[in-house]
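Visitor: All chains, full assembly: derive it from the sequences and hints.
The residues making up each chain are set out below.
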Amino acid sequence: MEAGRSPNIEIITLAELKELSGKAGHFKAKLFIKPRYVDPQKCTACGLCTTYCPREVIDEYNEGLVYTKAARIDYPQAIPTTYYLDAKACLRMQHESCQLCANVCGPNAIVFDQLPEEREIEVGAVVLTLGFGRIPQEVLEKYGYGKYPDVMTSMEIERMTCASGPTEGEIIRPSDFTHPQRIAFLQCIGSRDVTCDNGYCSSVCCMYAMKEASVVKEHLPEAQIDLFFMDIRTQGKGFDEAFNRAVEKYGFGIIYARVPKIDQVGRKLALTYVTEDGKSHREFYDMVVLSVGLDAPKDAENLASILGIELNHYGFAQTRTSSPLETNVPGIFVAGAFQGPKDIPESVVQAQGVAARCSELLAEVRGEEAILKEFPPEDEELEALEPRVGVFVCHCGVNIASVVDVEDVTRYAANLPGVVHAEDVLYSCSQDALNDLVKKIKEHRLNRVVIAACSPRTHEPLFQETLKEAGLNPALIEMANIRDQCSWVHYFDPQAATAKAKDQVRMAVAKALRLKPLETQKVKVTPSALVIGGGAAGLQAALSIAEQGYEVHLVERERELGGNLRRVTGLLSGEDPQKILETLIKQVESHKRIRVYKETTVENISGYVGNFTSTLRSQAGSEIVNHGVVIIATGGKEHRPALWGLGEEDKILTQLDLEAELAGKASKIARARSIVMIQCVGSRGQDLKYCSKLCCQQAVKNALRLKKRYPKKDVYVLYGNMRTYGFSEDAYREAREAGVIFLRFTPQKRPELIKKGKSLYVKHYDALLGEDLLIPADVLVLSVGIAPGDNEELSKIIKAPLTSDGFFLEAHVKLMPVELAVDGVYVCGLAHGPKPLDETLAQARAAAAKATIPLAKGYVEVAPIVSRVDQQKCIGCGICADLCPYGAIQMIKVGKRKKAETITASCKGCGICASHCPVFAIEMGGFTDEAILAQIEAFGDFAEKESQEEAEKAA
Amino acid sequence: MGKDKVGKVMVLGGGIAGVQAALDLAELGFYVYLVEKKASIGGVMAQLDKTFPTNDCSI
Amino acid sequence: MLIIEEVTRRLLELVGLRPERFRVDWASAAEAPLFVQIVTNFTEGIKKLGPLGEAEGLDQGTLKWRLKAASEVAKKSRLRAALGSLAREFKKAGDYSPENISKRVEEKIVPILKKELFEEEIKELLSKGPISIDAILKKTGATTDDIVPILEAMQKKGKVERKGETLEPK
Amino acid sequence: MNFNPKILSFFCHWCCYAAADSAGVARYKYPPNNRVVRVMCTGRIDPLFIVEAFRAGADGVLVGG
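Chains as they are written, first to last, in numbering that gives the first Met the number 0: chain A, 0 to 954; chain U, 0 to 58; chain R, 0 to 169; chain L, 0 to 64.
If you're looking for bench data, these hints aren't it; they were derived computationally from the structure. Since the model is a prediction, treat every value here as computed from it, not as a measurement. Be aware that one or more of the hints could be misleading.
[What the hints assert, rightly or not] Listed next, with one range per pair, are the computed distances between beta-carbon atoms: (1) R:Gly44 <-> A:Cys45: 49 to 55 angstroms; (2) R:Glu43 <-> A:Lys795: 32 to 38 angstroms; (3) R:Leu33 <-> A:Glu169: 30 to 36 angstroms; (4) A:Met890 <-> R:Lys127: 44 to 50 angstroms; (5) R:Glu43 <-> A:Cys45: 37 to 43 angstroms; (6) A:Asn603 <-> R:Lys127: 57 to 63 angstroms; (7) R:Gly44 <-> A:Gly63: 49 to 55 angstroms; (8) A:Glu929 <-> R:Gly128: 49 to 55 angstroms; (9) R:Lys155 <-> A:Asn603: 54 to 60 angstroms.
C-beta: ideal position from N, C-alpha, C; glycine also.
Guide: What follows is the structure, encoded as structure tokens:
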């Protein structure tokens, strides 16, 4: 949560929008801000007010599972890290009786007479990220929620499994505080349920139920957990694999049934349901978890009327497939669950996409309102002192402290040579801890900092920023990884984990003593992008970057732009995909900042973020282009497996073949009486391991198109799990109502093709009848899934890894969904993984946003980990220059002698030069020989000590 | 027309999507008002213990 | 890295360490399970081997001075220059097959390793007083062919005096 | 025999160190014997480091690229 740290983000809490006027590019918004009753400038988040507040209220943050106080903060890492008074509960405000909090508050931050405020702000664009609302209590009550205490919601379980939550991670039955032995998870509560007007699928519950069930099982290894599904909808990237692994590991029971009703019998909950084979069951459980869906946000209607935006019939923002991030009002955009139920990665993608969308609209005023963050000058005097190390050992809540004895490590650290201050911190990365770090640096005159917490890969930049704020060079920090590489992996042996933590801290201190201030280099960026692939993703990404004001080189292998979208002839939303494509192509081809290279491939890419050089090859020859960033939008391809006689008979089609038929004369269809679609052909455990995400929607779409055109023909869809997530569930229902027959098969009994003479039949095992059915298939349509494109070669050129399925691996599944491990390279569309058009378009904009950031800044900062040659020592042998993989060392003449010199911007800090230097003349920033040898030596102190102890024991 | 535009954006809702949008907009050179109804930002994600499939802590 | 690995391996071998104690392996960011497997297997392997010196049949004292000598060798610019040149040669030729690496390291580096290491070791031994050639052979684990040229060179430089089968430092 | 070996590991920031972090995120478990020195790349590894690690008392040295 870095939002609290950016000088360009002003967080206005307890605020609501009252009015909006103006138009895209220039709106005026009126905000109503409720009083907080605590002055954020003064509050130090010490928590005394909460301790002394006599008024207990139900803690909503903890799902009402515990009590909190009227003066409170929701959770320790909250931003802003300022407490607030709950006016509705506060005794002072309601009854004028108490003012304990004001009395105990040291900095006098409590202001009882604060008044609500109105504020007017002017903005160029509005982004709606309202999130989602809660399913109404009445819906849950149908399942006994509120009546039977052991019927709980998924959010309640979420808080309960949290180690810093109300039960400290213990799973207990609210009725009698015992551990439940048998637990049922019921899916689709408040989703896919027209009786509560929520006909849509909430998209996330199947996956989170599996996550919660897994965590519960970790807490209660004895428990038997059953999950009740209608369909298992784990369509996200890598989700099927994770789901199946969890089922196997934890031995969950998977039951296909919708449980209509729960009642309490004695101390148990009785579930009555009918399974697919028609059998009725009654089973007893100790606890039932309702996997509650996502409702439209509560205030959506009110806001919609203020803003004049359209909502769909479920109360979510109305958007179109071609423009998933736009409302009907220009300049007002939408992202996240308010656009439709979605999970975290999807929300992040949309959020990034919406940033690009705003940036397109406001390109010409970019930077006009932005504030540059300034840091105090470095305290060189302090830096020049003998090293004074401060060690901060993080609890990370319970993430570290439940395994590693943090206090013990802190005591140990305090006695290490060079350490002048050591303390333990609850969350070292929280805003107040960071402020405190600055304070402690000044108070104790620290000039080296060791943070024993999580991984430097994720958190070092944050602490480096803090050092800068304290007037220290950011290189003067060293982290000891006692979470990711210690408490999280050695939880079975707290003693050994604590010992390891001490060693890592000692080694970090040893290194810290030898750290030196380093200068951060800024490297100029070539303000243009290379977009590889001219399908929907590449077109949209290129267009967005160009609209944001930067040059784009768009490379397409084929003769025509458009990619896979060229073969799609209909969309569930009723929009015409070919029109969408045509518009995109027209805009791209006529854009003055986009240069299109058709029938061209990328032969080579060299360089680094900000300064790439690529060789493009076409029949005309090769061309060299310079660019600052790369977007990979190379797409995927229709998987055409050698299954089901595909390619042998012209009556056997893929869904895309069918789309071509439907757009043309449809002569094959016209002759047929019965059309059968088979889902997951080649996918989900056949030759492709994963789910291709869009085939179910595609099948439903095409089935509907068939039924509309030929109402008399029989249309069958044979599926494993129908994955019409989100609002496409409506189409699934519509298809059933229109008479399309949906039949479920199991992975063990997939349907088979039977040929009788010239006729085709599909053999399907019907669970209800308990026997095989033979369904005539005059036309057989296969939902074949999406295979990765030829990503391997590109992956090698760009040096970015692929997933085991052959798609590009994002840098972080949730928080960096479009960035690759290589800086300056981004991915979108099918190259990232299978997904439908609206998601591809949103992701293309997300990639465009991320890619534009360095272009807009104009420079990238090079971490000061680069090599430096000591020209006094250098003997000019040139080995380093020859060995450097990045060509980052050149030989220059100094006087009469040759000497090596580093080209800082090209250096990646790998250190090959240093390890091969005959005379140790090359130092690596932050990784000097001296520092590493000191770490090794410090490692040895432990070894020596222990062997001495052993020797003593033996004696 | 161009002069008319304002280089600021209002993001309504401080959940994960709002925070992410605000961060990227700020990086892209715009000033952002992140407007939240509640006393702190973070939305539902701050309530989640771990997130699937990587089980990262959510903050 | 492959060449450094091979050179390091050979140096450790000359010191008398079991090769299993030093391993270079790869796991990409995406391969956490593989990483766990690597670390677990390596740890198990070392566990089986026992403490440093034990599996080697080296007492702690010997181990210590031999490693000290090896450390001196690793700092020698003569070795480092040879290593650098070899790495350069490989980068140009591009043949990184294990056979080729092993062959070239054997040809180019091992003789230097032997000479420098044994010289360091002999120096170490001599620093403790006169010692017989037999004892040197025993303590260093070298062959007569290995040490004769070293001793001759040392004699020439006047660093050591040979009295029959015993050597005396000067 | 209860021998707990002391192992020093040198991990590449981009590869093995990242893999080790992911292993933590996924809550895998492995023996707690190794201590880690992070380097930006295994190319940084100098033969001297390895020898010194053994001198410091390591029973094994693992370099992870």
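Visitor: Compare the structure with the hints numbered earlier in the document and write down the numbers of the violated ones, lowest to highest.
Guide: Going through the list in order, the structure violates hints 5 and 8 and respects the others.
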